[in-house]
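**Q** Sequence:
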Amino acid sequence: MLKNGRLAGVISDAGFGDFIGMLEYKCTWYGRTLVKVDRFFPSSKLCCICHVQNVELQWQDRWQCPNCQTDHQRDENAVVNLFVEGLRILAEGRSVIACGDTVRLERKPKHMSAKQETSLETCGHVA
0 MLKNGRLAGV ISDAGFGDFI GMLEYKCTWY GRTLVKVDRF FPSSKLCCIC
50 HVQNVELQWQ DRWQCPNCQT DHQRDENAVV NLFVEGLRIL AEGRSVIACG
100 DTVRLERKPK HMSAKQETSL ETCGHVA
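For the sequence shown, numbering that gives the first Met the number 0 assigns the number 126 to the last residue and increments by one with no breaks.
For the record, the hints were derived by calculation from the structure and aren't laboratory data.
Among the hints, erroneous ones may be present.
To be verified - Label-pair ranges, simulated between beta-carbon atoms:
| no. | residue 1 | residue 2 | range |
| --- | --- | --- | --- |
| 1 | E55 | R31 | 35 to 41 Å |
| 2 | V78 | R5 | 21 to 27 Å |
| 3 | F18 | D60 | 24 to 30 Å |
| 4 | P65 | R31 | 33 to 39 Å |
| 5 | N66 | Y24 | 16 to 22 Å |
| 6 | L22 | D74 | 16 to 22 Å |
| 7 | Y24 | T69 | 35 to 41 Å |
| 8 | W58 | V34 | 22 to 28 Å |
| 9 | M21 | I48 | 31 to 37 Å |
| 10 | R73 | K35 | 19 to 25 Å |
Said to hold, decoys possible - List of simulated lysine to any residue pairs, SDA-like, C-alpha gap at most 20 Å:
| no. | residue 1 | residue 2 |
| --- | --- | --- |
| 11 | K35 | W62 |
| 12 | K25 | R5 |
| 13 | K25 | G8 |
| 14 | K25 | A7 |
| 15 | K35 | R87 |
| 16 | K44 | P65 |
| 17 | K35 | G85 |
| 18 | K44 | W62 |
| 19 | K44 | E84 |
| 20 | K25 | S43 |
| 21 | K44 | Q72 |
| 22 | K44 | Q59 |
| 23 | K35 | R5 |
| 24 | K35 | I88 |
| 25 | K25 | K35 |
We put the CB at the ideal spot given by N, CA and C, even for glycine.
Build the full structure now, drawing on both the sequences and the hints.
**A** Below, the structure written as structure tokens:
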């Protein structure tokens, strides 16, 4: 992200905590869910194929999994692992879906959703 000049300036000026606050605000505004993954999650050191963690991995762009011999590009591997971890967090129940809109359990949104269904049948739930 910091390679983008305009975005880098905004993030550096506001600080990363403020940037996360802006993301939370925008997600709430547009009815999206922001999933936070633990900062110590080994996204780039974990093989996205066999899930073996390479603890000896240094800051290099490419690496080969010692278990399944898959060649990984560090950033692409991290993206896949973060996506899967985000889905796992959502599946654990830290977020729920109600009538086609996301409901966040952490705090109340500042803006109420306009997405409301008239009956349970239109939500896909039949009593």
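**Q** For every hint, state whether the structure bears it out.
**A** For each hint, the structure was consulted:
no., hint, verdict
1, E55 <-> R31: 35 to 41 Å, "holds (37 Å)"
2, V78 <-> R5: 21 to 27 Å, "holds (22 Å)"
3, F18 <-> D60: 24 to 30 Å, "holds (25 Å)"
4, P65 <-> R31: 33 to 39 Å, "holds (38 Å)"
5, N66 <-> Y24: 16 to 22 Å, "violated (41 Å)"
6, L22 <-> D74: 16 to 22 Å, "holds (20 Å)"
7, Y24 <-> T69: 35 to 41 Å, "holds (39 Å)"
8, W58 <-> V34: 22 to 28 Å, "holds (26 Å)"
9, M21 <-> I48: 31 to 37 Å, "holds (34 Å)"
10, R73 <-> K35: 19 to 25 Å, "holds (21 Å)"
11, K35 <-> W62, "violated (26 Å)"
12, K25 <-> R5, "holds (18 Å)"
13, K25 <-> G8, "holds (19 Å)"
14, K25 <-> A7, "holds (18 Å)"
15, K35 <-> R87, "holds (11 Å)"
16, K44 <-> P65, "holds (11 Å)"
17, K35 <-> G85, "holds (7 Å)"
18, K44 <-> W62, "holds (9 Å)"
19, K44 <-> E84, "holds (14 Å)"
20, K25 <-> S43, "violated (27 Å)"
21, K44 <-> Q72, "holds (11 Å)"
22, K44 <-> Q59, "holds (11 Å)"
23, K35 <-> R5, "violated (24 Å)"
24, K35 <-> I88, "holds (9 Å)"
25, K25 <-> K35, "holds (15 Å)"
Hint compliance for this structure: hints 5, 11, 20, 23 are broken, all remaining hints hold.
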